Amino acid sequence: MSRFLNDPDNAVTETLEGFLLAHPELERRGTSRVVTSSTPPTGRVAVVTGGGSGHKPAFIGYIGDGMFDAVVCGDVFASPPVGSVLEAIRTVNTGHGVMLLLGNYSGDVMNFEMAADMARDEGIDVEMAVATDDLGAGSNVRPDQRRGVSGQFLIWKTVGAAARQGASLAELKQLALDVNSATRTMGVSLNGCTLPGSTKPTFSLDEGQMEVGVGHHGERGRSTEPLVQMDEIVDRLVDEIDQDLQLREGDRAAVVINGLGGTPMLELYIAYRRVAKVLQEKGVSIEVNFVGEYFTALGMHGFSVTLMRLNDRTLGLLKDPARTPHFTQTSTPN
Amino acid sequence: MSRFLNDPDNAVTETLEGFLLAHPELERRGTSRVVTSSTPPTGRVAVVTGGGSGHKPAFIGYIGDGMFDAVVCGDVFASPPVGSVLEAIRTVNTGHGVMLLLGNYSGDVMNFEMAADMARDEGIDVEMAVATDDLGAGSNVRPDQRRGVSGQFLIWKTVGAAARQGASLAELKQLALDVNSATRTMGVSLNGCTLPGSTKPTFSLDEGQMEVGVGHHGERGRSTEPLVQMDEIVDRLVDEIDQDLQLREGDRAAVVINGLGGTPMLELYIAYRRVAKVLQEKGVSIEVNFVGEYFTALGMHGFSVTLMRLNDRTLGLLKDPARTPHFTQTSTPN
Amino acid sequence: MSWDLKEALLHASKNVQSARDQLCDLDAALGDGDHGTSMARSFAAVERELSSTESNEPADLLELVGNTVLNAVGGAMGPLFGSAFLSSSTALRNADPSLSSPERTAAAIAAAANAIQRRGKASVGDKTMVDAIVPAAEAAATAAGQPDATSATVLRAAAEAAAAGTEHTKELIARIGRASRLGERTLGHQDPGATSITLVLESLAASAGAPVGHPVLTLN
Amino acid sequence: MSWDLKEALLHASKNVQSARDQLCDLDAALGDGDHGTSMARSFAAVERELSSTESNEPADLLELVGNTVLNAVGGAMGPLFGSAFLSSSTALRNADPSLSSPERTAAAIAAAANAIQRRGKASVGDKTMVDAIVPAAEAAATAAGQPDATSATVLRAAAEAAAAGTEHTKELIARIGRASRLGERTLGHQDPGATSITLVLESLAASAGAPVGHPVLTLN
Ligand SMILES: Nc1ncnc2c1ncn2[C@@H]1O[C@H](COP(=O)(O)OP(=O)(O)O)[C@@H](O)[C@H]1O
Ligand SMILES: Nc1ncnc2c1ncn2[C@@H]1O[C@H](COP(=O)(O)OP(=O)(O)O)[C@@H](O)[C@H]1O
Ligand SMILES: [Mg+2]
Ligand SMILES: [Mg+2]
Ligand SMILES: [Mg+2]
Ligand SMILES: [Mg+2]
Chain A
1 MSRFLNDPDN AVTETLEGFL LAHPELERRG TSRVVTSSTP PTGRVAVVTG GGSGHKPAFI
61 GYIGDGMFDA VVCGDVFASP PVGSVLEAIR TVNTGHGVML LLGNYSGDVM NFEMAADMAR
121 DEGIDVEMAV ATDDLGAGSN VRPDQRRGVS GQFLIWKTVG AAARQGASLA ELKQLALDVN
181 SATRTMGVSL NGCTLPGSTK PTFSLDEGQM EVGVGHHGER GRSTEPLVQM DEIVDRLVDE
241 IDQDLQLREG DRAAVVINGL GGTPMLELYI AYRRVAKVLQ EKGVSIEVNF VGEYFTALGM
301 HGFSVTLMRL NDRTLGLLKD PARTPHFTQT STPN
Chain B
1 MSRFLNDPDN AVTETLEGFL LAHPELERRG TSRVVTSSTP PTGRVAVVTG GGSGHKPAFI
61 GYIGDGMFDA VVCGDVFASP PVGSVLEAIR TVNTGHGVML LLGNYSGDVM NFEMAADMAR
121 DEGIDVEMAV ATDDLGAGSN VRPDQRRGVS GQFLIWKTVG AAARQGASLA ELKQLALDVN
181 SATRTMGVSL NGCTLPGSTK PTFSLDEGQM EVGVGHHGER GRSTEPLVQM DEIVDRLVDE
241 IDQDLQLREG DRAAVVINGL GGTPMLELYI AYRRVAKVLQ EKGVSIEVNF VGEYFTALGM
301 HGFSVTLMRL NDRTLGLLKD PARTPHFTQT STPN
Chain C
1 MSWDLKEALL HASKNVQSAR DQLCDLDAAL GDGDHGTSMA RSFAAVEREL SSTESNEPAD
61 LLELVGNTVL NAVGGAMGPL FGSAFLSSST ALRNADPSLS SPERTAAAIA AAANAIQRRG
121 KASVGDKTMV DAIVPAAEAA ATAAGQPDAT SATVLRAAAE AAAAGTEHTK ELIARIGRAS
181 RLGERTLGHQ DPGATSITLV LESLAASAGA PVGHPVLTLN
Chain D
1 MSWDLKEALL HASKNVQSAR DQLCDLDAAL GDGDHGTSMA RSFAAVEREL SSTESNEPAD
61 LLELVGNTVL NAVGGAMGPL FGSAFLSSST ALRNADPSLS SPERTAAAIA AAANAIQRRG
121 KASVGDKTMV DAIVPAAEAA ATAAGQPDAT SATVLRAAAE AAAAGTEHTK ELIARIGRAS
181 RLGERTLGHQ DPGATSITLV LESLAASAGA PVGHPVLTLN
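Residue numbers (the UniProt record's numbering), protein chains in the order written: chain A, 1 to 334; chain B, 1 to 334; chain C, 1 to 220; chain D, 1 to 220.
Worth flagging that the hints you see were computed from the coordinates, not collected in a lab.
Computed from a predicted structure; not experimentally measured.
All C-beta atoms in this analysis are idealised placements derived from N, C-alpha and C, irrespective of residue type, glycine included.
Treat the hints with caution; some may be incorrect.
Think about it this way: if two alpha-carbon atoms lie no more than 25 angstroms apart in a straight line, the pair counts; the simulated BS3-like pairs of lysine-lysine are [to be verified]:
#1 A/K200 to B/K282
#2 A/K173 to D/K121
#3 D/K121 to A/K200
#4 C/K170 to C/K121
#5 B/K319 to B/K173
#6 D/K170 to D/K121
#7 D/K14 to A/K200
#8 B/K319 to B/K277
#9 A/K319 to B/K319
#10 B/K200 to C/K14
#11 C/K170 to B/K200
#12 A/K282 to A/K173
#13 A/K282 to A/K319
#14 C/K14 to B/K173
#15 A/K319 to A/K277
#16 B/K319 to B/K282
Some chain B residues judged to face chain C by a derived CB distance under 10 angstroms, without partners named [what the hints assert, rightly or not]:
#17 L21
#18 A78
#19 E113
#20 S168
#21 C193
#22 A297
Bound-form chain A, shown alone (with noise of 0.2 angstroms):
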C-alpha cells in the first residue's frame, strides 16, 4: 500500500520534529524520542506513558496540562528502548516520584520494568500500572494475559487528574487499577494496516467480513466472521462486555467509541447511537462518552467499543478540565 512518507525508516523522527513545531507547548531534548511538557510537574507526582508509535494522537497528543507530562515514544508499534524511559522517569521526576501507565505488551512491560528498576536504584519513587482493558481475545483469557487498549484513554484521563490535584503515587497506582478493572474493550475492523515500508498489510479480509476481536496494532482478531449490520455488531460487542463487567441497573458509565484511524466519524455515531439505547435498555445511564479517534492504528477501518463503570471520583476525574493538543475540555459539557 502506498504512504505519504519520506524515507519510512525516518517516519517516526520526523513525525515527531512535525510535532514539535505544531505544538511549541512541548519539548524535547536534542533528537530524543522523549517529550515532554515545558511545564514542569511541580510539587507532585509526574506522569508517564508510552510505547509504539503510530496511534495518534496517543500519546504524545495527550502532554499537557490535566494528562501526561512525558511520554517516550518507540519506533511504530514497537515499544521504546529502556534507556529511552529511563531519560523520561528522570526528565519529569521532581522529587515526588514518576507514575508509569502502560498497555500489557510484552515489550513494553519489559522495557518500562528495566527502566523503573534502574530509576529505583538512582533513588526515584516509581510505580507503574499495566493496562489490560482489552475483552478481544475472549473472556476466559485470564485478566492479566489481555491486551491494553483503547480504554486505557480513561486511566490516562483520570490518573492525569488526579495527579495534578496532588493525590500519592500510591494513590495513582491504585486509581489505575481501579480503572482498569472497571473498564473493558471490544474491537473490530474490517482490514489489518500497512506499516510504513512495508507493502502488504497485516492482513486483509474479503467483502463482507469482519476481524472480531482485533487491538491496535493490524493483529488478527479471534475470528473472522461474516459481516453484520452495525446495531447487530455493537448488541455482541456490549453483550460480552457485560458479561464481564456486569453493569447493572442503576450503574453509570462512561462510554468510548474509537476509531482505528479510517473508519468514518459517521460509523462511530451510529455505533454510540445503538450502544445508548442498549445501556438505556439495562437502565444504565453514561455519565460521560468520546466519541472519535484517541488510539488508532495507522489507517484501519474499525472500531472498538470501551465501557466503564463509573464512581462519584472517576466521574469527577474524567469531567476534570484538560488542555493538551488533541484533547481540551473545559468545565463538563452540559
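Use these hints to put chains B, C and D with the ligands onto chain A, whose structure you have.
Then chains B, C and D with the ligands, alone, in the frame of chain A:
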C-alpha cells in the same frame, strides 16, 4: 467496499441520532436535519453553515460557543434542501440576522440562496458568504469557480469568534470574504472514497500513484501522477499555493494540514514538518496551526495544505477560545 | 394533455429509482458519485406523494412533484428539478386557454428549461442538464407545430432531443459545477444530470404512448 | 573461542538485516508485523558499533552488542536479545578459567537462554524464542561434552537445535505475548522471535566454520 452501517440510506439519520445522544448540549426538533446549539445567540448575529454529510467533524462537530449556532445537514455529499436551510435560519434568528457560510458547490449555493431569499421575504436579515479556497483545479480556474475546501475551517473559526464579539452582519460578511481571499488550499490523495450504499469507490489508483487537486467528496483531481516523497509533494503544494497567495518575507500565516479521513496522523505531521521548514525559509512566520481531521471525505487517504495570510484581527479571532464537540480551545496555546 | 399524467410521473419515478446505480457511476466519473442516490431518494418521495394525492389535475401534479423534489434531498438536482417542475406547473396554469394540448406540453417543457437555466446559471455547452433540457424544449416547440401533433409526439421529440444532447455531453469539457474542476478529464464522460433529464422525459413519452423511433438513452 | 567473533557477529548482523521482510511477514501472521523492522534496525546499530570498536575481546563484544540492542529500538526483542547478549558476556567474564573453549561457548549460550527466560517469563512450549534458545542451550552443553568438541561444533549443534525448536513452534498454540490473543489461530505459524534466534545462531555457526549437516532454517 464494506462499511459498518445499518441500512445505508439511514446512515445520516442515524449519525445525527448518535451525535445528539452523545452531545446533549446540542438540539434538534424531532427528525429535523437542523442541529442547533441549545444556547441561543442572544443579542448577536447567528452563524449557520451546512452542506452534505460525510465530512465529520465538519459541520456539526463545530456547533457551540465561538463557532456555529446551527448546521443544516444534507445527505452524504448532497446539499440540504431549501426547506431545511430556511428552518435553520428561522430557528436561530434572534432579530440580529443570520450569517450563512458555505462552500462553492452548485447544490449548496442554489439551496442556500433560495432559502435566503425566502427568509428575506419574511423580514429576516440574511447574508451569505461562499468559500472558494481550493486551488485543486489549478490557479487558471476563475476564483469564483473554485471549490470551498478545508480552508473553510479558518472562516468558520474567525466568523464564529467575531459574531460572539458582536460584529454586525455586514462586518461578518466582509470578514468571511477577507479570510476567504487570504486563504488557499491544495489537496492530494491515494484513493477516492466509497459512499454508503455503494460498492465501488469514486475512483482508485494504482500502487505508487497519487491524485493531485482532490477535494473532499472523493472527486478526481486535476491529474494522476507518480507518488513522490512527502517533502516533494509538500514543496509542490506550497509552491502552487504561494504563486497565487504571494506570501512575502515578514508575513504571518495560519496553516491547516487536514486529513481526509483515512490518513494516519503521522503522515499529517510529517507534512506539517515540511510546511514549517519551507515557510521558515521564506521568512514567513506560522502564528497558528491546525493539524488533524477538520473536514473529511469518509475514509479517504489524502490530505490538504491550507495557508492563510494573517493580520492582527484574524490572528486574534483564530486564537479566541471556542468550545464545541470537536474543537475546543482555551486561551492562546503558548 | 389527454394521457394520464399521474401514471406517467409514477412510471418516471420508478425508472429513476431503478437507474440509481448507473447514475451514481456516471457521477463518480465526473463528480462525487451521489447523483443516483439523490435522484432515487427524491423520486421515491415523489412516488409516495403522487400515490396519496387525490388530484389528477396536471398543474397540481407537477406542482406537487416540484415541491417534493425541492424539499426531499437537496443536492444540486433538488433546486434544478424542483424549479423545473414548479415552473412547468405555473406554465400550465397560466397557459393561454386557446393553446392546443401539444402546445401546452411544449410550453411546460420550455418553462422547465428556462427555470433550470435561471436557477443554475449554466449555458448550453457547459456540460450540464441544460444540454438536455434546452434542445428538448426546442424540439418540443417544433413538434407541437406539426399538423398531427399530440402530447405524445411532443414528448417523444423532446426525449429524443434530450438523449442526443446527453450523448453530446461526452464531447464537452465541463465549465460549471463540480465537474468543471476536472477540466479536460471530463471529456468522454456523459453528464449525469443530463442523463436524468432524458430518463424522465423518456418515461413520460413512453407513458404517453408515443411510438419509439429508436432506442435513445444509454446509461453509461 | 578461536574464531573471529567480531566477524561472526557482523555476519549475523548482515543476515538479520537481509531477513527483514521475511521476519515481518512471520510477525504479521502472529503479531503486529514489525519484528523484522525491529531486528533489522537493532542489528544495523550493532553493525555500526562493532565496526567502530577497537576491542576483539569476546566478552567486550557481546556486552557491546547487548547494550546496543537494548537501547536501539526497544520492542519485545530489545530487552530479550539485549539481556541474552549481556548475560553471555557476563558468563564469559565469570567463566571458570579451567573450562575449555567449547565449554565456554556452551556456557554463554546457556546464560543467554536463562536471561531470556528470566526477562520474558515464558516457558518452553509457549511459542516464543524460548522454544529456540532453550533446546539450543541443551544441545550446546551436550556437544561441548564430546571428545572432539570445538566452539564450531557447539554452535552448530545449538543452531540445529534452535532450528528444530523453531520448526516445532508451528505446532504450538501461543500462550504468552502478543500472539497469545490469537489462541488456536496461531497453529501452523512459525514464531518470528524463535526464527531470529536461530538466524543469529546459524550465522555464528557458519562463521565459526562448522560443517553444515543439513539446511536448517526456513524463513516461512
Ligand atoms: N449550475 C448548474 N446548472 C445546471 N445543472 C447543474 C448545475 N450544477 C450541477 N448541475 C447538474 O447536476 C448534476 C449533478 O447533480 P448531483 O450529483 O445530484 O449534485 P452534486 O453535484 O451536488 O453532487 C450534474 O451532472 C449537472 O447536470
Ligand atoms: N515474554 C516473552 N518471552 C519470550 N519471548 C517473547 C516474549 N514476548 C514476545 N516474545 C518474542 O518476541 C517476538 C516478537 O517480537 P517483536 O515483534 O519484535 O515485538 P512486539 O511483540 O513488541 O511487536 C515473538 O515472536 C516472541 O518470540
Ligand atoms: Mg511491535
Ligand atoms: Mg453531491
Ligand atoms: Mg453528485
Ligand atoms: Mg511484533
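Verification of the supplied hints:
1. A/K200 to B/K282: 39 angstroms, violated
2. A/K173 to D/K121: 23 angstroms, holds
3. D/K121 to A/K200: Judged against 25 angstroms, a Cα distance of about 32 angstroms means the pair is violated.
4. C/K170 to C/K121: 20 angstroms, holds
5. B/K319 to B/K173: 20 angstroms, holds
6. D/K170 to D/K121: 20 angstroms, holds
7. D/K14 to A/K200: 23 angstroms, holds
8. B/K319 to B/K277: Holds, because 22 angstroms separates the two Cα atoms, which is no more than 25 angstroms.
9. A/K319 to B/K319: The hint holds at about 24 angstroms.
10. B/K200 to C/K14: 23 angstroms, holds
11. C/K170 to B/K200: Holds, because 22 angstroms separates the two Cα atoms, which is no more than 25 angstroms.
12. A/K282 to A/K173: 31 angstroms, violated
13. A/K282 to A/K319: 24 angstroms, holds
14. C/K14 to B/K173: 44 angstroms, violated
15. A/K319 to A/K277: Holds: A/K319 and A/K277 sit about 22 angstroms apart, inside 25 angstroms.
16. B/K319 to B/K282: 24 angstroms, holds
17. L21: It is violated, given that the least Cβ distance between B/L21 and chain C is near 24 angstroms, above 10 angstroms.
18. A78: 4 angstroms, holds
19. E113: 8 angstroms, holds
20. S168: 29 angstroms, violated
21. C193: Because about 8 angstroms separates B/C193 from the closest Cβ in chain C, which is inside the 10 angstroms limit, the hint holds.
22. A297: 9 angstroms, holds
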